[in-house]
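2 protein chains.
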Amino acid sequence: MQVAVVTFDGFNELDSFISSALINRCRKDGLEAFITTPTPVVTSMNGVEVTGQRPMEFVTEADVVLIGSGVKAREVVADDRLLSRLPLDPSRQLIGAQCSGALVLARLGLLEGMPACTDMKSRAFVEACGVTVVDAPFHAEGNIATAGGCLASQYLATWVITRMLTEDAARAVIDYVAPVGEKQDTVERALRAVHAGAVALR
Amino acid sequence: MQVAVVTFDGFNELDSFISSALINRCRKDGLEAFITTPTPVVTSMNGVEVTGQRPMEFVTEADVVLIGSGVKAREVVADDRLLSRLPLDPSRQLIGAQCSGALVLARLGLLEGMPACTDMKSRAFVEACGVTVVDAPFHAEGNIATAGGCLASQYLATWVITRMLTEDAARAVIDYVAPVGEKQDTVERALRAVHAGAVALR
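First to last, the sequence lines map onto chains A and B. For the first sequence, counting from 1, position 14 maps to 14 in our numbering; every step adds exactly one. For the second sequence, counting from 1, position 159 maps to 159 in our numbering; every step adds exactly one.
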């Protein structure tokens, strides 16, 4: 089971690397994430150059596609050629977006009839696409999920791991990465956020 | 004010990128973090190739040095030549370590007479260096701090921002990156962890 973490130029490191690092703790269980980029190398909003692990074409074979966030999201959604490289299919793929990634899903028509989460800065742009933005860190309906606020990327990962493996697997990952002395609280907070936001899991 | 986030081959993305991304939100205030690497390119524990933003020599001019964590920490501390490239000076620099980074500080003699935080896997190795490991996410004495559990890297960043700028600046950064709907709780949790663990701030 393969996860494409779509990462554009100008990306926010938190948004791509928290979800990918958490999901990759499940590699022994056959669930693996790859930084997936439109060009061989992308540069983060803070000037960090990262070599993509998979080309954009990988999104068609991935079981899960997560759209990362960054300072160039509005340029991304204005680029029809770039968007055409994202032929996502929610009938057979789990699809998630972090922060301004919701703009990409909105532009692809994937948020029709459902509310979404995004960050404070992207909110007006997502709403301008006709999508209702909720004041919550995580929302999912069926195979589509959105998360808002960089650190909510741990909730997106929790959802992916729960849906692709088990809730126990997600628990184990959050427990591992949680601050020492705060393991149980962190696990419970993540599961609570995903349960509260996931219509399909209710 | 410059922060070196020392990142070795086999690094954990969470441990280097959470602190660097948080600190870089203060760039407008003159505080800036750079991924600092012993070789031009390092590869993460999950196979992500990252180009260093600064060479190892940068640690001598940095105001703050944070040692990241990774799957090769034990090889790092066995490599005298690599360690000699880390001439840290706690009298004029803030020095922090995330998870197995505590092993590096222990090996450099920087944790003498103080307890430390680290992750569950590194604990036995840090203790074998004669350092007492505490069951807490964060501990600091004077200019030296350690954090345990990948997501505790937000506490290390909170400490750096508070010490180099102000607590209000740290608050604003955590507020920005926190999950939507959990802003206040996340800010309070971070400040509480740093206050509880920072002997010098009490």
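Treat the hints with care, as some may be off.
You can't tell identical chains apart in this list, so a pair holds if it fits in one copy or across any two.
[To be verified] Subject to a maximum C-alpha distance of 25 angstroms in a straight line, what follows is the list of computed SDA-like cross-link-like pairs (lysine to any residue): (1) Lys121 x Thr166; (2) Lys28 x Ala196; (3) Lys28 x Met45; (4) Lys183 x Gln93; (5) Lys183 x Glu61; (6) Lys121 x Gln184.
If you are wondering where the hints come from, they were derived from the structure by calculation, not from laboratory data. Being a predicted model, the structure only gives us computed values, none of them experimental.
Worksheet item: If you check each hint against the structure, which ones fail?
Response: 2, 4, 5
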